[in-house]
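A.B. asks: This is what each chain is made of:
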Amino acid sequence: MKTATGTFAGVRAQPLDGRRGAGEVALQIRDLRKSFGSRLVLDGVGLDVGRGELVALLGANGSGKSTALRCVVGLVEPDAGSVRIAGKEVIGLSGAELTATRREAAMIFQHIHLVRRSSAFDNVCCGALGRVHPSRSLLRTLLPADIRAEAMVCLDRVGLADRAADRASRLSGGQQQRVAIARALCQRPSILLADEPVSALDPAAAERVLSLLRQLARDGLAVAAVLHQPDLARRYADRIVGLQDGRLVFDVRPEELDEDRIAALYATERQT
Amino acid sequence: MTILEASAHALPPPRARLWSWRFLCIALALGALAAAHVLAWRETEMSVSTLVEGWHGMVDFFDQAVPPDLRWDEVLRPALDGARVTLYIALLGTTLSIPVALLLAVLGARTTAPNTLVYQASRSLLSFLRAVPEIVFALVFVTAVGLGPFPGVLALLLHNVGVMGKLWSEAIEEVEPGPIEALRVAGARRSQVVTHAIVPAVAPQFIGLLLYRFDVNVRSSLVLGLVGAGGIGFLINQSIRLFRFDEMLTQILVILALVVVVDNVSALIRKRIA
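If you read the protein sequences in the order shown, they are chains A and B. Note that the first sequence ends on residue 688 in my numbering; no numbers are left out. Note that the second sequence ends on residue 292 in my numbering; no numbers are left out.
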């Protein structure tokens, strides 16, 4: 187990080549704009996330980090801008094509959002619903065998295959977040978005979740995670971007993130 | 107390005011409420003296009612049969209302309604069914299909759709939105969100509410019997008409046993599934 400080040199961003699909841009955001009423939340955000890298998004509350991610998966409709998922523009798409393209991007949440009364396994199976015909998903027992097998592989990938039959509500916070990651994996995404994935977790569980996210990036996923702990970002991310008042203010390698940048980033928390 | 000394320069606490607009509003509201009770007392012709004057009437009544008439063939067995029919009316009235109540609950919950028009229509229908008491439905159906348990079942069914649908739609609306959002993001369709996020979350509540309604419906079907819709209530009606209060007391004791048993069994099951 790593200690909380002083080890970031050991996990400094390595050259991206040599990883599966490395460098290929999976998510491309350009000039994204969004206002809620008179409040401008995104003021022309641009961001690239390549396969094989974990990008951390830092910023004060209200700086637009979560909104940017929510625009990608369609939970928020942007006013203007471009979002390309695996090279395909999603703004302006509709119907089955939009659904199919968006399925490439999976998301995990701060509040985890598992169905608490369902088992870990049933929750993971939910990730595959987008590619199962409704008639095969009406009852859990009707789910195709290959989907069920795949869900087990996903649970195994996050190290929780032995808890498959347990109710989600009986797992610890860290375990629940890992089940949520397994559910996201069952969606077969190329992009994994994490909206404050460790804000509700204790330090040890947070480390475990972040190292899992980094391993998934090493396996070829494009991972973008909103974090509130600059220190964790330094130790786990390949790249760190800072958002302030809806704009990208820096895009640096972890070792370039100094205290001045951090202080400036959180100095002007907006009063709303 | 060094910790408190440090806060000696703190701002003074907000002033406590006895007289304020809020105080005035509360006083006015209480005054209006008291006035309403005075008016109600008058309009409902409440009278202590009439109650005292009627006292011997009640004593006569109890005199005739006690001891209860417990003859098996003439009174007790018909009462038990009647109680069984009452139970059956409640059972069918509750069970047959499930499909329609379920449909209207899903269409009448803000989170699952396909659009506002359907939502409003379902809500209105539920409100109507809920607003009409089952006894009114029973009177209508007794006129239409004649005396007996059948109109009782129909009346309970209609009213129960209204209440059950409302309670269920509220349970659906209270499901936490997070997992629903997560499944939408994962590409699940509306029907899949219902089957995989909403159903698991509301199942225990649905069953609990259903048992609660069954329990209420057993008591309602007693009243329905009084207007001719079968069961033990009908027997009570007859006993009253024939001034056989000793028979009526037996019937009431049977009802008491029935209600206690149903209450306890349903409470036990609800506790188990909670």
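Read the hints as simulated data drawn from the structure, not as lab findings. Small disclaimer: the values here were computed from a predicted structure and weren't measured. Treat the hints loosely; a few may be bogus.
To be verified - Facing chain A, a subset of chain B residues (Cβ under 8 Å, in silico):
hint, residue
1, T130
2, P132
3, V136
4, G164
5, G166
6, A200
7, R207
8, A215
9, A219
As the list claims (entries may be wrong) - Pairwise CB distance ranges (calculated):
hint, chain 1, residue 1, chain 2, residue 2, range
10, B, R290, A, E505, 21 to 29 Å
11, A, R564, B, P195, 39 to 47 Å
12, A, L509, B, P195, 23 to 31 Å
13, A, A616, B, V150, 42 to 50 Å
14, B, Q138, A, L509, 54 to 62 Å
Note that CB positions come from ideal geometry on N, CA and C, so glycine has one too.
A.B. asks: Look at each hint and say if it fits the structure.
C.D. replies: Results for each hint:
1. T130: Hint on B:T130: violated, closest Cβ of chain A at ~15 Å, above 8 Å.
2. P132: 15 Å, violated
3. V136: Status violated, d = 20 Å.
4. G164: At about 42 Å, which exceeds the 8 Å cut-off, the nearest Cβ of chain A leaves the hint on B:G164 violated.
5. G166: With Cβ-Cβ at 40 Å, over 8 Å, it is violated.
6. A200: 4 Å, holds
7. R207: With a closest approach of 6 Å, the B:R207 hint holds.
8. A215: 5 Å, holds
9. A219: B:A219 check passes; min Cβ-Cβ to chain A is 6 Å, inside 8 Å.
10. B:R290 / A:E505: 21 to 29 Å: Roughly 54 Å apart at Cβ, these two residues miss the hinted range, so it is violated.
11. A:R564 / B:P195: 39 to 47 Å: 27 Å, violated
12. A:L509 / B:P195: 23 to 31 Å: 25 Å, holds
13. A:A616 / B:V150: 42 to 50 Å: 48 Å, holds
14. B:Q138 / A:L509: 54 to 62 Å: Distance hint for B:Q138, A:L509 is violated at roughly 32 Å.
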